[in-house]
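Participant: Just so you know, this note's numbering puts 476 at position 178 of the sequence shown, and the rest follows in order with no gaps.
Hints were generated in silico from the structure; no laboratory data involved.
If you're wondering where the values come from, they're calculated on a predicted model, not measured in any experiment.
Keep in mind that a hint or two might mislead.
Subject to a maximum C-alpha distance of 25 Å in a straight line, what follows is the list of computed DMTMM-like cross-link-like pairs (lysine to aspartate or glutamate) [to be verified]:
{"no.": "1", "residue 1": "LYS400", "residue 2": "GLU390"}
{"no.": "2", "residue 1": "LYS404", "residue 2": "GLU392"}
{"no.": "3", "residue 1": "LYS404", "residue 2": "ASP418"}
{"no.": "4", "residue 1": "LYS457", "residue 2": "GLU446"}
{"no.": "5", "residue 1": "LYS422", "residue 2": "GLU408"}
{"no.": "6", "residue 1": "LYS397", "residue 2": "GLU382"}
{"no.": "7", "residue 1": "LYS422", "residue 2": "GLU434"}
{"no.": "8", "residue 1": "LYS414", "residue 2": "GLU382"}
{"no.": "9", "residue 1": "LYS419", "residue 2": "GLU436"}
{"no.": "10", "residue 1": "LYS451", "residue 2": "GLU434"}
{"no.": "11", "residue 1": "LYS414", "residue 2": "ASP403"}
{"no.": "12", "residue 1": "LYS451", "residue 2": "GLU436"}
{"no.": "13", "residue 1": "LYS414", "residue 2": "GLU399"}
{"no.": "14", "residue 1": "LYS419", "residue 2": "GLU434"}
Restraint ranges, calculated between C-beta atoms of paired labels, are given here [said to hold, decoys possible]:
{"no.": "15", "residue 1": "LEU416", "residue 2": "GLU389", "range": "36 to 46 Å"}
{"no.": "16", "residue 1": "HIS445", "residue 2": "ARG412", "range": "37 to 47 Å"}
{"no.": "17", "residue 1": "GLN314", "residue 2": "GLY402", "range": "51 to 61 Å"}
{"no.": "18", "residue 1": "CYS462", "residue 2": "ARG417", "range": "53 to 63 Å"}
{"no.": "19", "residue 1": "GLU380", "residue 2": "ASP418", "range": "26 to 36 Å"}
{"no.": "20", "residue 1": "LYS404", "residue 2": "GLN465", "range": "29 to 39 Å"}
{"no.": "21", "residue 1": "ILE384", "residue 2": "LEU315", "range": "28 to 38 Å"}
{"no.": "22", "residue 1": "GLU399", "residue 2": "ILE378", "range": "47 to 57 Å"}
{"no.": "23", "residue 1": "LYS443", "residue 2": "ARG417", "range": "39 to 49 Å"}
{"no.": "24", "residue 1": "VAL387", "residue 2": "PHE367", "range": "12 to 22 Å"}
Quick reminder that beta carbons are idealized off the backbone N, C-alpha and C, glycines included.
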Amino acid sequence: MVDAYTIQISSNLINQLAGGENKVKKKTKKPKARVSDEPHQPQSNVKPAPGTQKSSPSGAWPPLQPPVFFAAPPPPPVVISELEAIRSVLEESERRVEKLEKQGDKMIQELTQRAKELRDKEFKLPYQNPTPCTAEREACLNCYKEHETDPLKCARVVKIFARCARQARLHGQFNSTKE
């Protein structure tokens, strides 16, 4: 619960602060009307005219200013033992935070390393066997292109390609496309 306090600053307080008075009073007194420094003159019973105003002497106090309100000062400081307890809890919490940050950094490093490994495995092409008999195949295709009208002239090149393919199949060099 927050209690609201107000402080009233009077012209008397301002003058005391400006005048340099360092006296600390236990109780604040209500300001009394000041008597001027001029000698007393006998007062006459004649009342001034209603239209005239009394003028204050030049050495008199300035007219009263409206009060200024400030928020109350903070509550008194916490007892030293409570402060020490709070400080020790704070230090322990800071140590735990540092430890957790280190663990978090370690976990982030491990996670990025594992992600990199998985990414490398995913995008890495498996080992591909070279296609066997590529030279024989190319020779066969070139022969058919050269002898479009008479493909029987390529019979010898085709037999060489067929023999190479048979050997590759026997040695298991072909990738099977059957599933």
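Participant: State for each hint whether it applies.
Facilitator: Hint check:
1. This hinted pair checks out: LYS400 and GLU390 have alpha carbons roughly 15 Å apart, not beyond 25 Å.
2. For a cut-off of 25 Å, the pair hint linking LYS404 to GLU392 stands: about 18 Å separates their Cα positions.
3. A threshold of 25 Å between alpha carbons decides the hint, and for LYS404 with ASP418 the separation of about 21 Å falls inside it, so the pair holds.
4. Our distance criterion of 25 Å between C-alpha atoms is met by LYS457 and GLU446, whose separation comes to about 18 Å.
5. Straight-line distance between C-alpha atoms of LYS422 and GLU408 comes to about 21 Å, which keeps the hinted pair within the 25 Å bound.
6. Between LYS397 and GLU382 the CA atoms are separated by roughly 23 Å; this keeps the pair inside 25 Å, and the hint holds.
7. Restraint check for LYS422 and GLU434: the C-alpha separation of about 30 Å exceeds 25 Å, so the hint is violated.
8. With a C-alpha separation of about 48 Å, the suggested pairing of LYS414 with GLU382 is violated against the 25 Å cut-off.
9. For the hint pairing LYS419 with GLU436, the CA-to-CA distance comes to about 34 Å; that exceeds 25 Å, so the pair is violated.
10. Under the criterion of a C-alpha separation no larger than 25 Å, the hint pairing LYS451 with GLU434 is consistent with the structure, at around 15 Å.
11. Using a Cα cut-off of 25 Å, the hinted pair LYS414 and ASP403 holds, with the two alpha carbons roughly 16 Å apart.
12. Restraint check: the Cα-Cα separation between LYS451 and GLU436 comes to about 16 Å, which is no more than 25 Å; the hinted pair holds.
13. Taking the CA atoms of LYS414 and GLU399, the gap is about 22 Å. The hint holds against a cut of 25 Å.
14. About 35 Å separates the Cα atoms of LYS419 and GLU434, which puts this hinted pair outside 25 Å; it is violated.
15. With their beta carbons about 41 Å apart, LEU416 and GLU389 fall inside the hinted range of 36 to 46 Å.
16. For HIS445 and ARG412, the hinted distance range of 37 to 47 Å is not satisfied, since their beta carbons lie about 59 Å from each other.
17. A hinted range of 51 to 61 Å for the beta carbons of GLN314 and GLY402 is consistent with their spacing of about 59 Å.
18. For CYS462 and ARG417, the Cβ-Cβ distance of about 39 Å falls outside the hinted range of 53 to 63 Å, so the restraint is violated.
19. A beta carbon spacing of about 57 Å between GLU380 and ASP418 contradicts the range 26 to 36 Å that was offered as a hint.
20. Range check, LYS404 to GLN465: Cβ separation about 56 Å, and the 29 to 39 Å hint is violated.
21. Evaluation of the 28 to 38 Å hint for ILE384 and LEU315 yields a pass: the beta carbon distance comes to about 36 Å.
22. For the pair GLU399 and ILE378, the beta carbons lie near 31 Å from each other, so the given range of 47 to 57 Å is not met.
23. Checked against the hint of 39 to 49 Å, the pair LYS443 and ARG417 passes, with Cβ atoms roughly 44 Å apart.
24. In this structure, VAL387 and PHE367 break the distance hint of 12 to 22 Å, their C-beta atoms being roughly 38 Å apart.
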